[in-house]
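Student: Going down the list, the sequences are from chains A and B. Residues in the first sequence are numbered from 121 upward in steps of one, following the numbering used here. Residues in the second sequence are numbered from 1151 upward in steps of one, following the numbering used here.
For the record, the hints were derived by calculation from the structure and aren't laboratory data. Errors might be hidden in some of the hints.
To be verified - A few chain B residues that face chain A, going by a derived Cβ cut-off under 7 angstroms, partial list only:
#: 1; residue: P1164
#: 2; residue: G1166
#: 3; residue: L1241
#: 4; residue: D1243
#: 5; residue: G1246
#: 6; residue: F1250
#: 7; residue: G1253
To be verified - Chain B residues, not near chain A, derived (Cβ > 10 angstroms throughout):
#: 8; residue: V1169
#: 9; residue: T1174
#: 10; residue: G1204
#: 11; residue: T1211
#: 12; residue: L1214
#: 13; residue: W1245
#: 14; residue: Q1249
#: 15; residue: G1251
Owing to the predicted nature of the structure, the values given are computational and were not obtained by experimental measurement. Here a beta-carbon is modelled for each residue, glycine too, at the ideal position from N, C-alpha and C.
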Amino acid sequence: DAEITQSPRHKITETGRQVTLACHQTWNHNNMFWYRQDLGHGLRLIHYSYGVQDTNKGEVSDGYSVSRSNTEDLPLTLESAASSQTSVYFCATSPNRERMDTYEQYFGPGTRLTVT
Amino acid sequence: RKEVEQDPGPFNVPEGATVAFNCTYSNSASQSFFWYRQDCRKEPKLLMSVYSSGNEDGRFTAQLNRASQYISLLIRDSKLSDSATYLCVVLTDSWGKLQFGAGTQVVVTP
């Protein structure tokens, strides 16, 4: 069955360290999204990609970067982790526009990141 | 003003009762709307899309009011398993980018 995996599921890191969160999908979806979820804010879009070599900034992109070298993966990098980046991070995918009969996004299980 | 606003709740509902709640959106040009369900500490999952004419899926009914820019979700005959956070979602571009509300928590009690 097609799926989305995220790793690690839990991570504790120190302020200033570089951290990379992995997202891997076997849906063969063109669209991939990274969100963070914090109490009171809901899901906020960090970065997104509509295909290989395409990346775009979301509403809370400062301090984060992504790259898309293949269809399956969109790793999220925190260049220098800050305590304000302590959050739950979700990766999601959706089909591309030409094949789309739904805008449904499929979410991974999330990564809980703590920055101390 | 947030693009998508929801009453955070919680809505405490006796089992078997009906509960309804709304969500407002700020962009009058928005075309597509959805309700997602999120269980505690889990990933969100699509509950239903919201069509212009309103739609029903079992015990769940979604309505869209474009003039007042709100979407509603009604749950009939509530089950304990309906306890969750319900996220109101608006499509923000034609490629599939979504804007999520912060969610409405529903707690169904025996």
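Student: If a hint holds in the structure, say so; if it does not, say that too.
Tutor: Okay, the hints, checked on the actual structure:
1. P1164: violated, 27 angstroms
2. G1166: violated, 29 angstroms
3. L1241: Hint holds; L1241 (chain B) Cβ to chain A Cβ min 6 angstroms, cut 7 angstroms.
4. D1243: violated, 10 angstroms
5. G1246: With Cβ-Cβ at 5 angstroms, under 7 angstroms, it holds.
6. F1250: Check passed: Cβ of F1250 (chain B) comes within 4 angstroms of chain A, closer than 7 angstroms.
7. G1253: holds, 6 angstroms
8. V1169: holds, 20 angstroms
9. T1174: holds, 14 angstroms
10. G1204: holds, 18 angstroms
11. T1211: Per Cβ check, T1211 (chain B) is outside 10 angstroms of chain A; nearest 19 angstroms; holds.
12. L1214: holds, 15 angstroms
13. W1245: violated, 5 angstroms
14. Q1249: violated, 8 angstroms
15. G1251: violated, 6 angstroms
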